[in-house]
Amino acid sequence: MHTRKQIIEIKALTKIFSLKDKEVRALENIDLSIEEGAVFGIIGMSGAGKSTLVRCINYIERPTGGTIIVDGKDLSRLNESQLRDVRRSMGMIFQQFNLLMQRTAEENITFPLEISGMKKREARQRARELLETVGLSDKAAAYPAQLSGGQKQRVAIARALATNPKVLLCDEATSALDPATTKSILELLRDINKRLGITIVIITHEMSVIEQICTHVAIIDESGIAETGTVAEVFSHPKTAAAQRLVFPDGKRIGQYLGKRLCRIVFEGSSSFDPVISRMILECRAQVNIMFADMKDIDGKAFGQLVLQLPQDDEVSDRIIRYLKTQNLSVEEVR
Amino acid sequence: MWDGSTVAMIAKSLLETLYMTVLSTSLAYVLGLPLGVLLVISEKNGILPLPKLNKLLNLVVNVVRSVPFLILLIAVIPFTRFVIGTTIGSTATVVPLVIGAAPFIARLVESSIKEVDKGVIEAAISMGCSPFQIICKVMIPEAVPSLIVGAAIATTTILGYSAMAGIVGGGGLGDTAIRYGYYRYQKDIMVVTVALLVVVVQVVQEAGMKIARRQDKRK
Chain U
1 MHTRKQIIEI KALTKIFSLK DKEVRALENI DLSIEEGAVF GIIGMSGAGK STLVRCINYI
61 ERPTGGTIIV DGKDLSRLNE SQLRDVRRSM GMIFQQFNLL MQRTAEENIT FPLEISGMKK
121 REARQRAREL LETVGLSDKA AAYPAQLSGG QKQRVAIARA LATNPKVLLC DEATSALDPA
181 TTKSILELLR DINKRLGITI VIITHEMSVI EQICTHVAII DESGIAETGT VAEVFSHPKT
241 AAAQRLVFPD GKRIGQYLGK RLCRIVFEGS SSFDPVISRM ILECRAQVNI MFADMKDIDG
301 KAFGQLVLQL PQDDEVSDRI IRYLKTQNLS VEEVR
Chain V
1 MWDGSTVAMI AKSLLETLYM TVLSTSLAYV LGLPLGVLLV ISEKNGILPL PKLNKLLNLV
61 VNVVRSVPFL ILLIAVIPFT RFVIGTTIGS TATVVPLVIG AAPFIARLVE SSIKEVDKGV
121 IEAAISMGCS PFQIICKVMI PEAVPSLIVG AAIATTTILG YSAMAGIVGG GGLGDTAIRY
181 GYYRYQKDIM VVTVALLVVV VQVVQEAGMK IARRQDKRK
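Protein chains in written order, with UniProt numbering: chain U, 1 to 335; chain V, 1 to 219.
Simulated from the structure, these hints should not be mistaken for lab results.
There could be a bad hint or two in this list.
[Unchecked claim] As a list, the in silico EDC-like pairs of lysine to aspartate or glutamate whose alpha-carbon atoms are at most 16 Å apart:
| # | chain 1 | residue 1 | chain 2 | residue 2 |
| --- | --- | --- | --- | --- |
| 1 | V | K44 | U | E114 |
| 2 | V | K118 | U | E28 |
| 3 | U | K301 | U | E206 |
| 4 | V | K137 | U | E114 |
| 5 | U | K119 | U | E132 |
| 6 | U | K296 | U | E227 |
| 7 | V | K137 | U | E28 |
| 8 | U | K11 | U | E23 |
| 9 | U | K119 | U | D138 |
| 10 | U | K166 | U | E28 |
| 11 | U | K239 | U | E332 |
| 12 | U | K5 | U | E28 |
| 13 | U | K296 | U | D314 |
| 14 | V | K217 | U | D71 |
| 15 | U | K166 | U | E332 |
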């Protein structure tokens, strides 16, 4: 894994917007490496600066400081025309799809090909193939206004893939879609990543999107990267408060049980099948209350999580935690 | 008095009016379309920010637009003589019409192009489009329905301006209305010319709206 080439390297990236009366620090000192073939999620609250971050990766937004290296090229050293070549090697999709409304689905897909100077007939041929890839062969002649949200995003994905990019940037690509459509779009993205080996960068505010398709995640909080790692790592051992907020089932609920001790357990892979809690109750002879439990499929592995309310007695609680820690589980107290 | 020569005269004026309107509108678009595009792209947040040029263009457009057409018509007489060689007749009227209409068209074009979704332009940039490609392949094609509506407004406005040219002997229906209807008190000719102007405006406006609707793929 670690010998893989870094396709995107972000070093000390800073972006400051100068408004009339004040400066807005959208991004501060961001360091991030994205390896080739990854599905890299960047998650954060709205206003955390994640959309600005993804726009800096293809230099739609010029950074105030720091460097962006894409496929070995330092973008700050390129002139406008070289920059356009780099942009053609990166596809981008958007929350609002941003299709050309006066062009049919097929003409939308041929658009980037026309821009790069491909012959019309070849471009049409390629568009047909791509429409098939995204499952919309019958919609070639439809205008965007005649398509549903999910279909529009499929056309946008096909358009982004037209020039055989190495990287696909997704800016809140599923945020305007319903859950079922979101799932099918994410499956399509995963399929594209697996089959074509395209590195995908996903900006989102939804943890479920990260869980469903990402291999790696960076959590962006207050203009900086709070935490980064593989999704499995961050999910089972969230280190920072920002990460815990996202990983913990419904962060608000923590507050309701203030004063009592809660503990979150994450089961990985095989331990999902062990009756851990039953054994813990027998072993420690203590009662616990299960506040929350669910199973998640993260990057192809099964993860279970449980939130237990521990007994009032601190000694018993400590014993429970000690016991659980011996069981190959990741255990953390969440107050 | 409605003999063949009167009818022929009115028919000739109608043709002159159409000639002036079509020629002036076309030439005014040759100037106004690029000017309107330039007004949009040179803005501070445009795709080719040139704030100083933008300020200058805005100033020029506003100055020309604030001169009443009747005054402009007379003020540019020396220039008209220089370009056309005469200051009377339909062709001579085209000069002030183009000068007067171009800034107005620039504003119409500007507002049509500003209607194009910013996100679509951002998508085009992300695909590696040059500013020129964005103008020709995104801004103008995406604004087509609105540009056509604007063209209908421009044409009918220029038609109205062209009637004013009658004051300085510019030919066309306006000229006829003034000479026969006003100076000679021939009310019937006045009525007929006005009715014809109304009909032409109606036809242009309706046709414009119809074409715009057909070109609009947004619904």
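Tested hints:
no., hint, in the structure
1, V:K44 / U:E114, "violated (28 Å)"
2, V:K118 / U:E28, "violated (26 Å)"
3, U:K301 / U:E206, "violated (19 Å)"
4, V:K137 / U:E114, "holds (10 Å)"
5, U:K119 / U:E132, "violated (20 Å)"
6, U:K296 / U:E227, "violated (21 Å)"
7, V:K137 / U:E28, "violated (36 Å)"
8, U:K11 / U:E23, "violated (22 Å)"
9, U:K119 / U:D138, "violated (23 Å)"
10, U:K166 / U:E28, "violated (27 Å)"
11, U:K239 / U:E332, "holds (10 Å)"
12, U:K5 / U:E28, "violated (25 Å)"
13, U:K296 / U:D314, "violated (31 Å)"
14, V:K217 / U:D71, "violated (39 Å)"
15, U:K166 / U:E332, "violated (39 Å)"
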